[in-house]
Amino acid sequence: MHRELRSHIISLLAAGIRLDGRKLAEYREPIEVENNIVKTAEGSARVKIGDTEVIVGIKLEVGEPYPDTPDEGTIIVGAELLPLSNPDFELGPPGIQAIELARVVDRGIRESKALDFKKLCIEKGEKIWMVIIDICPINDAGNLFDAASLAALAALKNTRYPSFDGEKVDYKVKTDKKLALEKMPIAVTVIKIGDKFIVDPDTEEEKAIDSRLTVSSIEDGTLCALQKGGDFPLTMEDIDKMLDIGIEKAKELRKYL
Amino acid sequence: MSEINVKDKEISVPGETLATGMDILPGIGTYRNGEKIVANRLGLAMIEGRTIKLIPLSGRYIPKTGDTIICKVIDVGFNGWRLDTNSAYSAMLSMKDATSEFIARGANLTQYYDLGDYIVCKIVNVTSQKLIDVTMKGPGLRKLKGGRVIDVNTNKVPRIIGKQGSMVMMIKEAAKCNISVGQNGLIWIYGEPMDELLAIQTIRKIEKESHMSGLTEKIKEYLEENRRKN
Numbered sequence: 003m004h005r006e007l008r009s010h011i012i013s014l015l016a017a018g019i020r021l022d023g024r025k026l027a028e029y030r031e032p033i034e035v036e037n038n039i040v041k042t043a044e045g046s047a048r049v050k051i052g053d054t055e056v057i058v059g060i061k062l063e064v065g066e067p068y069p070d071t072p073d074e075g076t077i078i079v080g081a082e083l084l085p086l087s088n089p090d091f092e093l094g095p096p097g098i099q100a101i102e103l104a105r106v107v108d109r110g111i112r113e114s115k116a117l118d119f120k121k122l123c124i125e126k127g128e129k130i131w132m133v134i135i136d137i138c139p140i141n142d143a144g145n146l147f148d149a150a151s152l153a154a155l156a157a158l159k160n161t162r163y164p165s166f167d168g169e170k171v172d173y174k175v176k177t178d179k180k181l182a183l184e185k186m187p188i189a190v191t192v193i194k195i196g197d198k199f200i201v202d203p204d205t206e207e208e209k210a211i212d213s214r215l216t217v218s219s220i221e222d223g224t225l226c227a228l229q230k231g232g233d234f235p236l237t238m239e240d241i242d243k244m245l246d247i248g249i250e251k252a253k254e255l256r257k258y259l
Numbered sequence: 006m007s008e009i010n011v012k013d014k015e016i017s018v019p020g021e022t023l024a025t026g027m028d029i030l031p032g033i034g035t036y037r038n039g040e041k042i043v044a045n046r047l048g049l050a051m052i053e054g055r056t057i058k059l060i061p062l063s064g065r066y067i068p069k070t071g072d073t074i075i076c077k078v079i080d081v082g083f084n085g086w087r088l089d090t091n092s093a094y095s096a097m098l099s100m101k102d103a104t105s106e107f108i109a110r111g112a113n114l115t116q117y118y119d120l121g122d123y124i125v126c127k128i129v130n131v132t133s134q135k136l137i138d139v140t141m142k143g144p145g146l147r148k149l150k151g152g153r154v155i156d157v158n159t160n161k162v163p164r165i166i167g168k169q170g171s172m173v174m175m176i177k178e179a180a181k182c183n184i185s186v187g188q189n190g191l192i193w194i195y196g197e198p199m200d201e202l203l204a205i206q207t208i209r210k211i212e213k214e215s216h217m218s219g220l221t222e223k224i225k226e227y228l229e230e231n232r233r234k235n
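Going line by line, the protein sequences match chains A and B.
Convert by adding 2 to the 1-based position in the first sequence; the result is the number in the working numbering.
Convert by adding 5 to the 1-based position in the second sequence; the result is the number in the working numbering.
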């Protein structure tokens with residue numbers, strides 16, 4: 003479908019420049035992180051990367067633990083791709099794209115052990131805190147993965163528990179107790195087009211990608227999650243290079259939190 | 006007695022009463038509601054004698070016979086192509102309007118225009134139901150190879166083209182790019198990477214500052230300034 007666009011992008015990349023004038027491994031400007039923008043949520047954040055804008059809200063609910071992990075809380079990540087953010091998105095049950103977005107964010111947080119699930123336990127086998135993370139893209143101008151995981155992390159960071167008397171949760175009263183965030187997993191999506199690697203694709207570039215790899219890493223550069231997408235395969239060398247770029251760029255994004 | 010509520014070239018919003026009185030006539034972008042003349046859309050109100058019209062500042066493209074537009078092929082059928090016109094309605098390019106070549110019965114139409122290709126075509130007819138017929142026969146109508154297509158506000162297209170194409174000529178010369186402007190707000194640009202960027206930045210600047218006076222001079226200066234840097 004986008005052969006012309008792809009070959010044009012490749013010829014530009016060979017000259018070391020992207021469609022909008024950026025260098026290959028450069029994020030769009032400005033990157034903005036705003037905290038506590040939703041009053042009714044326990045934690046929330048709005049992230050802008052260029053024209054892409056994502057809002058994430060966190061709710062804390064008391065529920066029953068899973069039978070196999072009676073002393074652990076849990077997280078539930080949901081993403082809804084609103085039609086207002088992109089003309090290609092439609093209302094209805096979440097599609098493949100929305101599910102993938104939610105799972106990539108979920109896996110980054112879960113596998114990095116950013117939240118200690120044991121600390122979310124209130125009463126073993128009876129009551130636990132469920133952390134519900136909702137992702138709402140407000141404008142999709144490319145690279146929802148990175149924006150959503152950055153927003154989710156920012157929101158988790160400023161989440162405060164509501165008051166809980168052992169019976170009922172009073173959402174109107176927030177306590178000073180914060181959700182303990184142990185690690186900071188940052189996701190960076192590295193794109194391969196032709197034989198070049200780029201980060202932070204815009205809408206045009208997303209149409210022409212060969213493959214993508216979302217790399218989640220924590221402060222010391224330890225990998226915690228990967229997600230591969232796109233129609234083309236990757237070689238071992240490709241993945242090595244993409245991991246290096248991903249970990250390097252994560253350091254840059256971490257400054258905004 | 007009639008009364009005009011707006012000044013010449015004043016910005017009006019939809020629903021705004023521009024004038025009252027039966028001896029004033031509604032022009033393009035306005036309608037009559039009883040005694041009142043009301044704005045249909047966001048635009049600049051122009052008073053011309055007894056008529057009031059609006060020059061639109063926003064809104065999608067509305068197809069008009071005779072417009073040269075840039076379209077994307079979205080479907081290949083048995084006897085023609087369906088095109089996305091960047092408006093609410095899609096256009097039909099029939100086989101006989103597509104090329105002067107002989108096309109054998111049952112030939113593979115994708116060898117002429119394939120899915121996702123961009124073409125420059127001309128609207129020959131728009132029915133009352135907004136069914137659009139386009140042709141590829143005419144000077145400058147062709148398939149676009151290479152380069153990229155950008156989207157601009159349709160209502161700014163006249164400013165981007167300029168008087169007798171003066172503005173777009175200026176950009177073409179300064180940025181050393183091939184540029185095709187479609188009336189539907191799609192613009193095709195092809196050149197060296199940095200030149201393409203300069204052309205796009207200039208077009209975005211025109212889009213943003215199109216309502217200001219002395220635009221041509223400003224753009225000329227902008228191009229001079231930025232050309233030296235490259």
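No lab work stands behind these hints, which were simulated from the structure alone.
Take these hints with a grain of salt, some might be off.
[Claimed, not checked] Here are the simulated DSSO-like pairs of lysine-lysine, each with C-alpha atoms no more than 30 Å apart in a straight line:
1. K25/A with K150/B
2. K209/A with K14/B
3. K14/B with K161/B
4. K25/A with K77/B
5. K135/B with K177/B
[Unchecked claim] A few chain A residues that don't get close to chain B, going by computed Cβ distances all over 12 Å:
6. L7
7. A17
8. G18
9. I19
10. P95
11. K126
12. G196
13. T224
14. I249
15. R256
[Stated by the list, open to error] Some chain B residues well away from chain A (every beta-carbon gap over 12 Å; in silico):
16. S105
17. G151
18. Q206
All C-beta atoms, glycine included, are put in the ideal place defined by N, C-alpha and C.
Here is what the structure says about each hint:
With a C-alpha separation of about 25 Å, the suggested pairing of K25/A with K150/B holds against the 30 Å cut-off. Between K209/A and K14/B the alpha-carbon distance is near 41 Å, which puts this suggested pair outside the 30 Å criterion. Proposed proximity of K14/B and K161/B is supported: the alpha carbons are some 16 Å apart, at most 30 Å. This hinted pair checks out: K25/A and K77/B have alpha carbons roughly 29 Å apart, not beyond 30 Å.
For the hint pairing K135/B with K177/B, the CA-to-CA distance comes to about 34 Å; that exceeds 30 Å, so the pair is violated. Separation of L7/A from chain B is inadequate, the least Cβ-Cβ distance of about 7 Å not exceeding the 12 Å criterion. Interface exclusion of A17/A from chain B breaks down, the closest Cβ pair being 5 Å apart, not more than 12 Å. Consistency note on G18/A: stated as away from chain B, yet its beta-carbon is not over 12 Å from all of that chain's, at 9 Å minimum.
A beta-carbon of chain B is positioned within 12 Å of the beta-carbon of I19/A; the least distance is around 5 Å. Remark: the non-interface label on P95/A is consistent with the geometry, its nearest Cβ contact in chain B lying 26 Å away (cut-off 12 Å). At the 12 Å boundary, the C-beta of K126/A stays outside the reach of chain B, the nearest C-beta of that chain being 57 Å off. The claim that G196/A is not at the interface with chain B holds, since no C-beta of that chain comes within 12 Å of its own (minimum 15 Å).
The Cβ of T224/A sits about 37 Å from the closest Cβ of chain B, beyond the 12 Å cut-off, so the non-interface label holds. I249/A, annotated as away from the interface, keeps every beta carbon of chain B farther than 12 Å; the closest lies near 29 Å. Listed as a non-interface residue, R256/A keeps its Cβ farther than 12 Å from every Cβ of chain B; the least gap is roughly 30 Å. With 12 Å as the threshold on Cβ separation, the claim that S105/B sits away from chain A holds: the shortest Cβ distance comes to roughly 24 Å.
For G151/B, the requirement that its beta carbon stay farther than 12 Å from each beta carbon of chain A is not met, with the minimum near 6 Å. The claim that Q206/B is not at the interface with chain A is violated, since a C-beta of that chain comes within 12 Å of its own (minimum 8 Å).
The structure fails hints 2, 5, 6, 7, 8, 9, 17 and 18 (numbered hints given earlier, in ascending order).
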